[in-house]
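So you can see what is in the structure, the chains are spelled out below.
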Amino acid sequence: MSQSIDYNDRPWLDPDAEPFIKVQSVSKHFGDFTAVDSVDLEIYKGELFCLLGGSGCGKTTLLRMLAGFETPSSGSIVIDGVNMTDVPPYERPVNMMFQSYALFPHMTVESNVGYGLRRDGIAKSEIDQRVEDMLTMVELSQFRKRKPHQLSGGQKQRVALARALIKQPKMLLLDEPLAALDKRLRVQTQYELMNIQEKLGVTFVVVTHDQEEAMTLSTRIAVMDVGRFQQIGTPTEIYEFPSSRLVATFIGNANMFEGRVIENGTDHVIVESKDPACNFYIDHGMSIVEGSKVWVALRPEKIKITKQSPGDDGTNSIKGSVSDIGYLGGTSTYRVMIGDERIVEITSPNLNRPKDGNPPIDWDEEVYLSWEPSSSVVLTK
Amino acid sequence: MREAVESSAQNRLLRRMSHLLQRNWRSLVLFIPFFWLLLFFLAPFFIVLKISLAEAIIASPPFTPMIEWVDEGIMHIRVVVDNYAYLWEDDLYAKTYLNSLKISSISTILCLLIGYPMAYAIVRSSHTTKHILLMLVILPFWTSFLLRVYAWMGLLADQGTINNLLIAIGIVDEPIRMLYTPFAVYVGIVYTYVPFMILPLYANMEKLDWTLLEAAADLGAKPMTTFFTVTLPMTMPGIIAGSLLVFIPATGEYVIPDLLGGGNVLMIGRILYNEFNANIDWPVASAVAIALLLLLVIPMMLYQHIQARQVEAE
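Protein chains in written order, with the numbering used here: chain A, 2 to 382; chain B, -9 to 304.
Hints in this document: simulated from the structure, not taken from any laboratory. There's no promise every hint is true.
What the hints assert, rightly or not - Which chain B residues stay away from chain A? Per the calculated CB distances, all over 12 Å, these:
{"no.": "1", "residue": "13"}
{"no.": "2", "residue": "16"}
{"no.": "3", "residue": "24"}
{"no.": "4", "residue": "55"}
{"no.": "5", "residue": "58"}
{"no.": "6", "residue": "104"}
{"no.": "7", "residue": "111"}
{"no.": "8", "residue": "122"}
{"no.": "9", "residue": "148"}
{"no.": "10", "residue": "157"}
{"no.": "11", "residue": "160"}
{"no.": "12", "residue": "161"}
{"no.": "13", "residue": "285"}
Said to hold, decoys possible - Restraint-style ranges between C-beta atoms, simulated for each label pair:
{"no.": "14", "chain 1": "A", "residue 1": "351", "chain 2": "B", "residue 2": "6", "range": "54 to 64 Å"}
{"no.": "15", "chain 1": "A", "residue 1": "213", "chain 2": "B", "residue 2": "214", "range": "36 to 46 Å"}
{"no.": "16", "chain 1": "A", "residue 1": "89", "chain 2": "B", "residue 2": "263", "range": "50 to 60 Å"}
{"no.": "17", "chain 1": "B", "residue 1": "104", "chain 2": "A", "residue 2": "89", "range": "26 to 36 Å"}
{"no.": "18", "chain 1": "B", "residue 1": "162", "chain 2": "A", "residue 2": "125", "range": "47 to 57 Å"}
{"no.": "19", "chain 1": "B", "residue 1": "199", "chain 2": "A", "residue 2": "41", "range": "28 to 38 Å"}
{"no.": "20", "chain 1": "B", "residue 1": "301", "chain 2": "A", "residue 2": "41", "range": "46 to 56 Å"}
{"no.": "21", "chain 1": "A", "residue 1": "19", "chain 2": "B", "residue 2": "301", "range": "45 to 55 Å"}
{"no.": "22", "chain 1": "B", "residue 1": "226", "chain 2": "A", "residue 2": "153", "range": "24 to 34 Å"}
{"no.": "23", "chain 1": "B", "residue 1": "226", "chain 2": "A", "residue 2": "125", "range": "18 to 28 Å"}
{"no.": "24", "chain 1": "B", "residue 1": "155", "chain 2": "A", "residue 2": "125", "range": "52 to 62 Å"}
{"no.": "25", "chain 1": "A", "residue 1": "213", "chain 2": "B", "residue 2": "23", "range": "51 to 61 Å"}
{"no.": "26", "chain 1": "A", "residue 1": "57", "chain 2": "B", "residue 2": "6", "range": "49 to 59 Å"}
{"no.": "27", "chain 1": "A", "residue 1": "89", "chain 2": "B", "residue 2": "199", "range": "15 to 25 Å"}
All C-beta atoms in this analysis are idealised placements derived from N, C-alpha and C, irrespective of residue type, glycine included.
Taking the hints into account, I'd like the entire structure generated from these sequences.
Now the structure itself:
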């Protein structure tokens, strides 16, 4: 009993929880092209779920199928226990915030926000009240009489959000919600989005190509490529335990080493790499045949860079020379040449100010790279 | 030192000259269309206006001059407004104007009802079909307008293609009278002017942001509601442009009512023709033309004025 998990924050771990949205072997073909290839997905109530992937990976098509703009070629979509596969968008309990915001240019801010309520034949006094509340929430009350072209990018984004939320949808779909904003505003809006989501408890499904955005916003991320999910998990799971090389390199940076399993213990694995010549001692066991080909992924910030030898015998350490330094203020990125061709990237925090203007590690210096047994991940695909 | 001063002075001169040339170049470019309008629109307008203020006489040209020199250097200006009074008094003109406006309004509405779905379908079709369909809209312009109207006479006549076909199938026993009726005039005008409705609508819809329609559907609007609350207001500029392009020339249309309507459909173009050629009364004919112009231009200017004020108010 002492091991009980709080399922409120992580409903996907609760074996008894019923998924709010169930996507079952959904495919979508456009002619010969398969945009979405037989995907299964379960999203729970109150989640902020991110579909992450590069352009053309199928994430937008999947979102459009959830909204009802596209009909799946096969498979089914169930929202809150109701099969919605062939229900038109205007009858779904789902609203969408478009990437371009799609605000009606001929209507004022308040008529834009109230549009959805007017379609439901709600009394005018109630519409006015709800529009007022919504505009107060997104801090746009004084702009109610403006037309969209008189608003800034951030204000438009908030109008779009208010318009999509006013019908209290069971699920809000957001297509690249922050892509059109500049960087500073994007970070601020990210947190606003999270606060609103938490306050209203609406299930959010966000499509984005920006991995940082996905990491900050979401409870869980689905990494998509060529119409399929590569991995579904929390930001930590996906970053620390990527399931494939593709995920490891798509989320953050990773140094990838090819090698063979030479020892497979119950609590550890040893992988021998030829280029560079190095043994990786990894402190988690895995079911794999000795001698099989694997890849070891090592994040740049998990590597220690020192001038002195860590005193190891070529396990979890390599020697090289610094070929490039990128000074970013808070951190520095070192590109270290191992042998003649192999470059390894290291990110290291700048803990101390350099003395006498000399950087702690300089160009062309001989350095040792080392890491902990828990720092690397073995990938089989 | 002196050389440097001189060269900088030279540079300044060169810069000023090139600047002057640039400015003049700009005004020259603006001047050409302006000159064109002056020569072929404004000047003829004033000539017609001048003739409308003269009296008809049997002479060549068949109207009294506006300015006469009597005796030594005394200028005599003659301005007659009788022609306009005449238009007002004889109710033939008022009736004809009203009939012209009625025919062109109904034709404009018909063109809109036919052209709007066509333009919409063209915009929504795939890239290749889009070009073929647009080509088909423009294709009639490649044959003579007159020839096409004559073709309609052949189709609509009592012994024409349509009647022959109806009789052959046995739907009717004797020919339906279509040629020389208002119906034939509507057919002719709508047929001729529908491309002028489609093209501006197409240009407008081509720029339409279709995600707006998805946004409306997403917010619970059924297709019909989406059309009236989003599509229609967004395409209003195209509707207005197309309607003006149909309404204005249709009001002054002469050939179509003359050939397809015979003597039964009286439109203002016909009156103009009669005054000029049958009555040889150029001043009344000019007055008819000026009155028509004012009738069309004044409402349009008012509309634009109201629109401009609305835009300002926003």
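Now the hints, each set against the structure:
| no. | hint | result |
| --- | --- | --- |
| 1 | 13 | holds, 33 Å |
| 2 | 16 | holds, 29 Å |
| 3 | 24 | holds, 32 Å |
| 4 | 55 | holds, 55 Å |
| 5 | 58 | holds, 58 Å |
| 6 | 104 | holds, 25 Å |
| 7 | 111 | holds, 20 Å |
| 8 | 122 | holds, 20 Å |
| 9 | 148 | holds, 51 Å |
| 10 | 157 | holds, 48 Å |
| 11 | 160 | holds, 46 Å |
| 12 | 161 | holds, 42 Å |
| 13 | 285 | holds, 31 Å |
| 14 | 351(A) x 6(B): 54 to 64 Å | holds, 57 Å |
| 15 | 213(A) x 214(B): 36 to 46 Å | holds, 43 Å |
| 16 | 89(A) x 263(B): 50 to 60 Å | holds, 56 Å |
| 17 | 104(B) x 89(A): 26 to 36 Å | holds, 28 Å |
| 18 | 162(B) x 125(A): 47 to 57 Å | holds, 55 Å |
| 19 | 199(B) x 41(A): 28 to 38 Å | holds, 34 Å |
| 20 | 301(B) x 41(A): 46 to 56 Å | holds, 53 Å |
| 21 | 19(A) x 301(B): 45 to 55 Å | holds, 54 Å |
| 22 | 226(B) x 153(A): 24 to 34 Å | holds, 27 Å |
| 23 | 226(B) x 125(A): 18 to 28 Å | holds, 25 Å |
| 24 | 155(B) x 125(A): 52 to 62 Å | holds, 57 Å |
| 25 | 213(A) x 23(B): 51 to 61 Å | holds, 54 Å |
| 26 | 57(A) x 6(B): 49 to 59 Å | holds, 56 Å |
| 27 | 89(A) x 199(B): 15 to 25 Å | holds, 20 Å |
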